[in-house]
Amino acid sequence: MAQTDRVKEILSWYGSDNPGTKTQLARLLNTGALAGTGKLVILPVDQGFEHGPIRSFGVNFDAHDPEYHFRLAIDSGCNAYAAPLGFIEACADKYAGQIPLILKLNNSDTLSKVEPCSAITGSVDDALRLGCVAIGYTIYPGSDHRNRMYEDLRQLTLEAKSKGLAVVTWAYPRGHGLSKEGETAIDIAAYAAHIACSLGSHIVKIKLPSAHIEQDEAKKAFEKGKVPIGTLAERVRYCVQAAFGGKRVVIFSGGVAKGTDEVLEEIRQIQAGGGFGSIVGRNAFQRPRAEGIDLLKKIIAIYKGS
Amino acid sequence: MAQTDRVKEILSWYGSDNPGTKTQLARLLNTGALAGTGKLVILPVDQGFEHGPIRSFGVNFDAHDPEYHFRLAIDSGCNAYAAPLGFIEACADKYAGQIPLILKLNNSDTLSKVEPCSAITGSVDDALRLGCVAIGYTIYPGSDHRNRMYEDLRQLTLEAKSKGLAVVTWAYPRGHGLSKEGETAIDIAAYAAHIACSLGSHIVKIKLPSAHIEQDEAKKAFEKGKVPIGTLAERVRYCVQAAFGGKRVVIFSGGVAKGTDEVLEEIRQIQAGGGFGSIVGRNAFQRPRAEGIDLLKKIIAIYKGS
Amino acid sequence: MAQTDRVKEILSWYGSDNPGTKTQLARLLNTGALAGTGKLVILPVDQGFEHGPIRSFGVNFDAHDPEYHFRLAIDSGCNAYAAPLGFIEACADKYAGQIPLILKLNNSDTLSKVEPCSAITGSVDDALRLGCVAIGYTIYPGSDHRNRMYEDLRQLTLEAKSKGLAVVTWAYPRGHGLSKEGETAIDIAAYAAHIACSLGSHIVKIKLPSAHIEQDEAKKAFEKGKVPIGTLAERVRYCVQAAFGGKRVVIFSGGVAKGTDEVLEEIRQIQAGGGFGSIVGRNAFQRPRAEGIDLLKKIIAIYKGS
Amino acid sequence: MAQTDRVKEILSWYGSDNPGTKTQLARLLNTGALAGTGKLVILPVDQGFEHGPIRSFGVNFDAHDPEYHFRLAIDSGCNAYAAPLGFIEACADKYAGQIPLILKLNNSDTLSKVEPCSAITGSVDDALRLGCVAIGYTIYPGSDHRNRMYEDLRQLTLEAKSKGLAVVTWAYPRGHGLSKEGETAIDIAAYAAHIACSLGSHIVKIKLPSAHIEQDEAKKAFEKGKVPIGTLAERVRYCVQAAFGGKRVVIFSGGVAKGTDEVLEEIRQIQAGGGFGSIVGRNAFQRPRAEGIDLLKKIIAIYKGS
Amino acid sequence: MAQTDRVKEILSWYGSDNPGTKTQLARLLNTGALAGTGKLVILPVDQGFEHGPIRSFGVNFDAHDPEYHFRLAIDSGCNAYAAPLGFIEACADKYAGQIPLILKLNNSDTLSKVEPCSAITGSVDDALRLGCVAIGYTIYPGSDHRNRMYEDLRQLTLEAKSKGLAVVTWAYPRGHGLSKEGETAIDIAAYAAHIACSLGSHIVKIKLPSAHIEQDEAKKAFEKGKVPIGTLAERVRYCVQAAFGGKRVVIFSGGVAKGTDEVLEEIRQIQAGGGFGSIVGRNAFQRPRAEGIDLLKKIIAIYKGS
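Top line first, the protein sequences correspond to chains A, B, C, D and E.
Residues 1 to 306, numbered by our numbering, are exactly what the first sequence covers, in order.
Residues 307 to 612, numbered by our numbering, are exactly what the second sequence covers, in order.
Residues 613 to 918, numbered by our numbering, are exactly what the third sequence covers, in order.
Residues 919 to 1224, numbered by our numbering, are exactly what the fourth sequence covers, in order.
Residues 1225 to 1530, numbered by our numbering, are exactly what the fifth sequence covers, in order.
With the rest of the complex left out, here is chain A (with noise of 0.2 Å):
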């Protein structure tokens, strides 16, 4: 396993984290058809409790397995596979060793109206007794509880780091705070990468973030600092920006599943603004296994430049 130069560029930017850490890190960074490139390609399967397994598996039957998604994140070469806890535990032990697992310390179902705030549904000794090298965790900036899971994701932060494992946030702004619209502004979106990695997590993943400005202030400041966010991937260069000078990986998420030219422009959009790479999860498990990998596989080769 010699390290890249760019893997261990990317690992000195998290300098004080424990050699642990850094392990899980290189481990994510260095499986699957991206290892060593310093891109991520992960496989996020939370929909069934998201959104509800017919909406989620209805289209591709097969997906309502939890091996299903085990093999397409190893058969397509993805550095890793995230899930909450019971999808982890259906198979961790049937494939242990061959895929990075990260686990979704927290999910929210789409059966209750009130103010966004998911539930906390695993933890960090399941993490370790399952063998992830992450947790994950999503916040809600823009929510009324944003407070509250802001505190929680600390203290798991702080717990994972002390053994070991890296963080994972997912930054997904929603809530009273914010229009339909502003969920996926470019200032907000940028926003909310800024807070996951102040908070001390090591990989964010954003939505792709549209030209709309929520906050006035924030247009005038974009103007001002005459930072071009026309285009995709200038939106995704700022968001990779406001990670801390570009020193957190931040990797983005398709959304509701498309057709595959569409997915695969949005994209080369994220390379050539500079992303770290993605998290796929419906546009590859909501369509027929083949075309999932083969979708994998396209996404995959436009990160390795190839």
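Think of the hints as simulated: they come from the structure by calculation, not from any bench.
Glycine included, C-beta positions come from ideal geometry on N, C-alpha and C.
Hints may be right or wrong, so weigh each one.
As the list claims (entries may be wrong) - Here are the simulated DSBU-like cross-link-like pairs (lysine-lysine), alpha carbons at most 35 Å apart as the crow flies:
1) C:Lys859 / D:Lys1125
2) A:Lys180 / B:Lys530
3) C:Lys836 / D:Lys1137
4) C:Lys916 / D:Lys1012
5) C:Lys836 / D:Lys1176
6) A:Lys180 / B:Lys469
7) B:Lys469 / E:Lys1232
8) E:Lys1450 / C:Lys910
9) A:Lys297 / B:Lys553
10) A:Lys207 / A:Lys219
11) C:Lys706 / B:Lys610
12) E:Lys1318 / A:Lys8
13) E:Lys1444 / C:Lys870
Stated by the list, open to error - Pairwise CB distance ranges (calculated):
14) B:Glu597 / D:Glu1209: 30 to 40 Å
15) B:Gly552 / A:Leu264: 31 to 41 Å
16) A:Ala233 / B:Asp415: 52 to 62 Å
17) E:Lys1528 / C:Ala902: 33 to 43 Å
18) E:Lys1528 / B:Gly552: 37 to 47 Å
19) E:Ser1403 / C:Arg760: 24 to 34 Å
20) C:Arg760 / D:Glu1135: 33 to 43 Å
21) D:Asp1011 / E:Thr1334: 50 to 60 Å
22) B:Asp431 / C:Gly917: 38 to 48 Å
23) C:Glu829 / E:Gly1498: 56 to 66 Å
24) A:Gly225 / E:Ala1343: 53 to 63 Å
25) D:Glu1209 / B:Gly364: 55 to 65 Å
26) E:Thr1334 / C:Phe673: 36 to 46 Å
27) C:Asp828 / E:Gly1470: 31 to 41 Å
Knowing the structure of chain A, use the given hints to seat chains B, C, D and E on it.
Frame of chain A, contents of chains B, C, D and E only:
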């Protein structure tokens, strides 16, 4: 206690669990008239707490006595008996080793009109000292308080598993987030089963689902996926599928007391749909003892395929 | 699992234990070919640790593999299988629920010449996670270190009972305080059984006692009380009496491997003297598998009274 | 349970104890035929552990059964019954609430020849779960290991008192520091009682002291102080005096079994000397049950002053 | 990281372990030039602590620097590197993720002449924060202090397993109970391996056994069982057998530095006897770096069967 192939197959789905928890699951699956078949009939008696004694036991006065239910479960050949702390304590000593016990760790009464959320009424240590094979826990997806329930269950599950116990979750959609009809809607029932599995439960109990679909997106997904839900058997089949592609044990509750023929027809549908069995409470104890035992034996006979 | 009158009677002797511990005792008494009779035949395999592998398994090479012993105990109809941590761990997962397990929590090797004192090699938490019904522990009355062993056992017993496990004690007189002949003397064997019971053990295992009497005062007492100890059956009877007037389960070890006839004659004497059964190790596994199973079945037949 | 003046007076000596501990002392003093008199007769049965079963119970075979002793203590009107863990556990459940129990927390056997030091064989938590009024503990002043015993007692005493239990100490001089005759010498007996009180015990049990004086300085001091120690009553009186000027409860053991007249004469001397009562073990159970009860009743009658 | 059939087979022997521990075992087996073969070559460097720096590193001065050994293990294609706390800490950060690390948790120096017993010099939490795959621990069967070592290992093993780490035990017979020749006797080597496995170790390291037999009973048993031990390969084969019938990973140490041909001949014998690999310390680092790497690569080639 030679293990049947079916029991071995079911245990293989729980690879991440320690041998202690698997031993308890094996005890559940290897007890009673359905021993070795992979099917389960469980007698649950928490109605006294949930609905009050007169509504629960008024029509069959002897059933006020916890011993009535221990004897009913044993004499009818059930796999297990589930009840709250006091009910279990009342006879766990006298019947030690005669029937696997599931300690219901939370309960709700009808004396308060607030958003539904059960109180924690027992502990994992209680389950150990009382010789139980599993803890039981109710979640109310749809309640504004669902997160607290998910989080408490997470913690109890981790503790139970580390001490070699199994986890049985009652997944009962309820609360502000749902219409009354939605509580048993097929999309919601399947969703609730999936959430319980994602929280790490070994066995999930849901209500028999109706053909109603609560969420618009779910309706589209059922149509798009061409998932048949016209008959009860088909709906049972989808709920089992929603529970990790059929790799978690899902059992069904009969709900309110009704006529014998109606009950047995439901059981036939569950069996036809690949359900793993039933939790039969009121229909078992809200009739004279001989009739209750007779009904349970008929139910068991259907699951035996005889 | 209807309880026989005899099992009910035995359980009634342990009134101060919680239902969890009684459930485990019931599992022990209700498993295998002797289920329900109140008699026990247990396969113990700690000889590898105690005497080394070549002395233990050289004559039956397959017995080096822990799985051999799980299968031997199951296939011959034993009530339980007892072994040290590593031996139990090797197959507890594969055979979960198929045979009650007793985790030997201390062990001694023959590589050191100091006053006998076993090392603690497992914990109550190990017993829980491995799904065991009981902990096992060896005391050496007569050793200068007996107090440490009694005190460790006391602590483990308290913990085991609070977590719903049973306690099986190997009471093996040995050490500076005794002559070599005294180790199996009738007064000492009975004394050791009594000490183990006084320490709160549920089941006590002792060696078959000889007619030798080690202590002068004991000799006078046997004479004064006119207690017959001429035959093995009579000595067994007194050891059972010494264990709380016959209200604790006392089982006997066969010791070194010997001829089948000799073994079976000993079993008949134990049965005639009212002993509760046998722990048969070397005589079971130091012969070819078919012969070992055959011998165990013959032993079981004697205890069945058939 | 109206308190007699005498009981009130005795309780007043223990002002620093919490009401829980005082409640237990009151239960001890208000039970049995001597209730309210401030006198105590206690049945202790740890001889099985201390001397072996045949020496203890050979002459009265039924006494091997722990139940024999519970019944003996209750039927003869004793204030309490004291025994090691296993003996108490055997019947604490069946006789719960019928006789105050003292759990002997340490015990010694005769199978090892090392310097005397009892092993700790029970815990304060055991005493609580078994419903005992007090813990019992033996110290051997004169042993090379006395400090370990004093220190263990200190810790157990602190725990017992914080949990509302009383402490009964057996103070038995023994070991390298003393001549054989010195073990019951008047100066040593009084010294031992004083040490037990100084360690915080509520009730102290010593052997009947002889007129021998072990330490030269003590001899001079008895002479100088003109303290009469010629008769047994005088020696009892001095031992009581040594226990905080009579403000700690000191009771006396009868030692080896002997003739009824001899026993009763000793009791009269204890009564004459102001002793608080007796612990009568072997003299009570090493004769037929009817005789044992008769003897205990005669002893009680003496203490009643009738 | 597709798993080879051989690695899957080896992992299947550890069924009672959680997925975390299995993941670490998989990392060990899937790293370096022997990845996937089921064979292991590990570089251990605790000689500085065990024998002092000048004896250990005097002939190859650069080896005083811990970094020398990290590089040596990585560059030669070893599966793992094992060392005490300070040695690991020195470079764990710089080489995070480049080589699986085994933290030796106890060590002994040559500065005291007492009966051998290593000091605990690290913790499981250290192993986690340093990113190690396993803890390492040395036992000295034959030492008067063996019990303390077994008991400490037991505790560390339970903790390591619960936190998803593996356990590697150095089983080195030594101490008053053995003759000097007996330390490497075939019966003792096999016995030591068996003890380490019984204590729950995943990987056991022993010294290459001689044809000497230390215990008379063992001599008889080898003869009776007709177990060939004439060649080194035969003795290796029996030691592997002694480790749970070949179902635990046993590796061998080369001992003192010697000529290349001699070393390689030993490796061929280990390979022929079915050994799982080697721990090569002094022979690797007590020669110039290029020669050390060359030797390790030749050893690896033999284990590859090429």
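Checked hints:
no.: 1; hint: C:Lys859 / D:Lys1125; in the structure: holds (32 Å)
no.: 2; hint: A:Lys180 / B:Lys530; in the structure: holds (27 Å)
no.: 3; hint: C:Lys836 / D:Lys1137; in the structure: violated (42 Å)
no.: 4; hint: C:Lys916 / D:Lys1012; in the structure: holds (31 Å)
no.: 5; hint: C:Lys836 / D:Lys1176; in the structure: holds (15 Å)
no.: 6; hint: A:Lys180 / B:Lys469; in the structure: violated (46 Å)
no.: 7; hint: B:Lys469 / E:Lys1232; in the structure: holds (27 Å)
no.: 8; hint: E:Lys1450 / C:Lys910; in the structure: holds (29 Å)
no.: 9; hint: A:Lys297 / B:Lys553; in the structure: holds (29 Å)
no.: 10; hint: A:Lys207 / A:Lys219; in the structure: holds (19 Å)
no.: 11; hint: C:Lys706 / B:Lys610; in the structure: holds (26 Å)
no.: 12; hint: E:Lys1318 / A:Lys8; in the structure: holds (9 Å)
no.: 13; hint: E:Lys1444 / C:Lys870; in the structure: holds (16 Å)
no.: 14; hint: B:Glu597 / D:Glu1209: 30 to 40 Å; in the structure: violated (60 Å)
no.: 15; hint: B:Gly552 / A:Leu264: 31 to 41 Å; in the structure: holds (34 Å)
no.: 16; hint: A:Ala233 / B:Asp415: 52 to 62 Å; in the structure: holds (59 Å)
no.: 17; hint: E:Lys1528 / C:Ala902: 33 to 43 Å; in the structure: holds (41 Å)
no.: 18; hint: E:Lys1528 / B:Gly552: 37 to 47 Å; in the structure: holds (43 Å)
no.: 19; hint: E:Ser1403 / C:Arg760: 24 to 34 Å; in the structure: holds (28 Å)
no.: 20; hint: C:Arg760 / D:Glu1135: 33 to 43 Å; in the structure: holds (37 Å)
no.: 21; hint: D:Asp1011 / E:Thr1334: 50 to 60 Å; in the structure: holds (58 Å)
no.: 22; hint: B:Asp431 / C:Gly917: 38 to 48 Å; in the structure: holds (41 Å)
no.: 23; hint: C:Glu829 / E:Gly1498: 56 to 66 Å; in the structure: holds (58 Å)
no.: 24; hint: A:Gly225 / E:Ala1343: 53 to 63 Å; in the structure: holds (60 Å)
no.: 25; hint: D:Glu1209 / B:Gly364: 55 to 65 Å; in the structure: holds (59 Å)
no.: 26; hint: E:Thr1334 / C:Phe673: 36 to 46 Å; in the structure: holds (40 Å)
no.: 27; hint: C:Asp828 / E:Gly1470: 31 to 41 Å; in the structure: violated (53 Å)
This entry does not satisfy hints 3, 6, 14 and 27, going by the numbered hints stated previously.
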